[in-house]
Amino acid sequence: MATTAKITVNDANPVAAVRELLQRLLADEAVSAVMVPRHTAGSGAVMPTLVVDPELLTDADPFAPAFPLNAATILGRLTRGQTQGMVAAVLRPCEIRAFVELAKLNQGSMDHVLLVGVDCPGAMNNTDYRLFSGTFGSRNVSKEFLKTYLPGGSYVAEAKGAVPLARACLACEHPVAQAADCMIGLFGADPEKVISLISQTPKGQAVISRMGLPGLETDLEESRTRAIEAAVAERSRYRDAMFE
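Everything in the sequence shown is counted per this note's numbering, starting at 23 for the first residue and increasing by one.
The hints are simulated quantities; they were obtained by calculation from the structure and are not laboratory data. Any given hint might turn out to be false.
To be verified - Computed spacing ranges between beta-carbons, pair by pair:
hint : residue 1 : residue 2 : range
1    : 231       : 80        : 22 to 28 Å
2    : 128       : 190       : 26 to 32 Å
3    : 266       : 64        : 41 to 47 Å
4    : 99        : 152       : 25 to 31 Å
5    : 259       : 107       : 19 to 25 Å
6    : 34        : 62        : 24 to 30 Å
7    : 190       : 38        : 25 to 31 Å
8    : 42        : 63        : 18 to 24 Å
Note that beta-carbon positions come from the ideal geometry of N, C-alpha and C, so glycine has one too.
Kindly generate the complete structure, drawing on both the sequences and the hints.
As structure tokens, this is what we get:
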């Protein structure tokens with residue numbers, strides 16, 4: 023049976039809440055490293071980084087709408103050889119799908135990986151991300167992004183007068199990762215108050231159970247389901263309009 027845990031967000035800061043979650047994850051006896059998007063020093067760019075020191079997770083930001091590269095290739099290289107312990111890889115749904123395909127081609131291995139998916143409102147191209155980040159600052163970019171693009175299941179940024187999401191994201195019908203071991207859930211709730219953590223495999227369930235997190239209320243689970251359905255429907259309409 024799947025486990026759905028509740029992550030309480032303090033000070034209306036979902037990024038800080040997920041950083042604390044990742045620190046707890048890294049402290050798990052089975053996890054030796056966390057691969058996660060992280061703000062790099064100096065440039066402010068967000069790049070996938072392999073982290074073994076919990077202190078370095080203070081710069082982690084899996085909600086940033088930056089997408090400079092597909093991290094599936096990096097994870098494939100990391101897992102092709104001998105690995106010490108399990109790597110918890112925090113990825114977008116499209117990256118998880120790509121990694122699964124790489125593993126089928128023996129260009130990666132799922133044996134020592136915990137796939138942690140994130141509900142995905144979408145991402146921006148590099149130019150638009152720099153514009154968006156420059157407006158709000160790299161430390162606030164994800165909080166403002168979730169405020170603008172997450173509520174109500176509406177992802178057509180042009181209609182809001184905001185920086186547009188990448189067209190591929192606007193047409194993507196897979197905002198959640200079915201192949202993830204566990205999902206960080208954003209849809210259907212106010213991420214400034216609560217985030218969910220959902221197990222999807224026995225591996226994910228075991229890790230979540232060891233964390234001892236409280237369960238999520240049933241009404242929030244139902245709200246997430248409705249929000250995902252609304253997002254998929256809107257993206258499908260956008261995709262269909264592209265071909266008219």
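Results of checking the hints against the structure:
In this structure the supplied range 22 to 28 Å holds for residue 231 paired with residue 80, their Cβ-Cβ distance being about 26 Å. Under the hint 26 to 32 Å, the C-beta atoms of residue 128 and residue 190, about 27 Å apart, fit the expected range. Hint check: residue 266 to residue 64, Cβ distance near 45 Å, so the stated range 41 to 47 Å holds. The hinted window of 25 to 31 Å between residue 99 and residue 152 holds, with their beta carbons roughly 27 Å apart.
Roughly 44 Å separates the CB atoms of residue 259 and residue 107, a value that falls outside the hinted 19 to 25 Å. Take residue 34 and residue 62: their Cβ atoms lie about 25 Å apart, and the range 24 to 30 Å holds. Between residue 190 and residue 38 the beta carbons are some 30 Å apart, a value that agrees with the proposed interval 25 to 31 Å. In this structure the hint that residue 42 and residue 63 lie 18 to 24 Å apart at CB holds, the actual value being about 21 Å.
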